[in-house]
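Top line first, the protein sequences correspond to chains A and B. Numbers 1 to 249, taken from the numbering used here, label the letters of the first sequence in order. Numbers 250 to 366, taken from the numbering used here, label the letters of the second sequence in order.
Hints are supplied without guarantee of correctness; some may be wrong.
[What the hints assert, rightly or not] Now the stretches of chain A that chain B is said to cover, found in silico as 3 or more residues with beta-carbon under 8 Å:
(1) 40-46
(2) 144-150
(3) 187-201
[Claimed, not checked] To give an idea of the interface, some chain A residues facing chain B are shown, with a C-beta separation under 8 Å as derived from the structure:
(4) Asp69
(5) Asp177
(6) Leu178
By construction, these hints were calculated from the structure, which means they are not laboratory data. Note that the Cβ used here is the ideal one computed from N, Cα and C, for glycine as well.
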Amino acid sequence: MAELMSSSEFRVALEQAFSGTMAKDASFSRAWATGKLHKQHFVHWATNHYHYIGPFGDYLGLMYANTPDHARDAKDFLLQNMYEEELSDDRHTDLLIRFAEACGGTREYVQDRNNAMPFAKGMQGWMYYVSGRENFVVSSAALIVGLESQVPSIYRTQYPTLINKYGFSEWEAEFFDLHITSDEIHGERGYQIVLKYADTPELQQRCLHYVREAADMRFAYTKALYETYVQPDLGPWVEEGEREPALVG
Amino acid sequence: MPRIYFKTADQYVEFAEGEEVNVLRMAIREDIDVPWQCASGNCGTDRLVVEEGAENLDPPRRRERARLGELVDEGYRLACQTYTRGDVTFSWDPDQVGLDDEPGDGGGSRTGWAGTG
Chain A
1 MAELMSSSEF RVALEQAFSG TMAKDASFSR AWATGKLHKQ HFVHWATNHY HYIGPFGDYL
61 GLMYANTPDH ARDAKDFLLQ NMYEEELSDD RHTDLLIRFA EACGGTREYV QDRNNAMPFA
121 KGMQGWMYYV SGRENFVVSS AALIVGLESQ VPSIYRTQYP TLINKYGFSE WEAEFFDLHI
181 TSDEIHGERG YQIVLKYADT PELQQRCLHY VREAADMRFA YTKALYETYV QPDLGPWVEE
241 GEREPALVG
Chain B
250 MPRIYFKTAD QYVEFAEGEE VNVLRMAIRE DIDVPWQCAS GNCGTDRLVV EEGAENLDPP
310 RRRERARLGE LVDEGYRLAC QTYTRGDVTF SWDPDQVGLD DEPGDGGGSR TGWAGTG
């Protein structure tokens, strides 16, 4: 039976739980960062991403309702995160649609659920499930540590390519720049909450399980983006310097 | 090992050689009392004076330039928007609030959702 880890031990375990399956290493992310994608691929990405993260305020709201009053700092963090997604400045989904429109897409296309992959709908359903049904510290581990804290590492490789290779303006690509920095802070706050409130061996292990599952979900979803939209145009993903199609994504 | 020296709090954080780290994230992680509020570059509560090591910072981002305006030329950066890859020293006014707030507002929500300990 697992023993209660110290805060520092648990943090290392959380970081290691998703280090092998980070979405920045999936084929679609690599093709993006190395400038292989066409603008139409970005429209498909934005459409699927909209249906994956569009209800993020809903997920956070469910987590908020599941968080006990004594964890006031966690409740306030979730509320602040929700506010920043929806109201503090430009609505984040509007920034996403702005990028899709800069790529030739339309708001109507992006918002039409019929244009999303089953994988995107699966991600959405999984996030509704975890946020609605799990202990708040477990759902924080899954959604904030496992998913949201990965965002800066993904967009920090993709954003320079958007500006320097594809010629997007900073305004058109603001969705990415905003999340590079804001999700650093959200991710760190997520770690703090999980480290503080996962105070039994069982909760710690359940958090680790869901961080792994979250990373696997996002990796599989990102890989599916390549296979669905890019592979028919460019063939199987081959990392530069490799001769054979990459085995992992 | 490079380090960020938070001079006003007289605390520093070290990070691995070759990494680029977000300044506010490191402060929050080590529970260093840098004032902050929104973490999106909107409020300006986390403006810091770069005392040394400006050459190790990434260039100011669009939101940061828009929020700080001429303060950028006076050596200010927003902690939430700034990454460093080497030694740097920051100072700040511990009582500062957002650029659109009046002193005495209490810095908005920062006190409401920080301090997890």
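Here's how the hints hold up against the structure:
Proximity of the region 40-46 of chain A to chain B, defined as three or more residues with a beta carbon under 8 Å from a beta carbon of that chain, is not established by the 0 residues found. Only residues whose beta carbon comes within less than 8 Å of a beta carbon in chain B count, and the region 144-150 of chain A has 0; fewer than three means the coverage is violated. Given as covered by chain B, the region 187-201 of chain A passes the check, having 7 residues with a CB less than 8 Å from a CB of that chain where 3 are the minimum. Taking 8 Å as the C-beta cut-off, the interface hint given for aspartate 69 of chain A is violated, the closest approach to chain B being about 14 Å.
With 8 Å as the threshold, the beta carbon of aspartate 177 of chain A comes within range of chain B, its nearest partner Cβ sitting at about 6 Å, so the hint holds. Taking 8 Å as the C-beta cut-off, the interface hint given for leucine 178 of chain A holds, the closest approach to chain B being about 7 Å.
Hint check: violations occur at hints 1, 2, 4; the rest are consistent with the structure.
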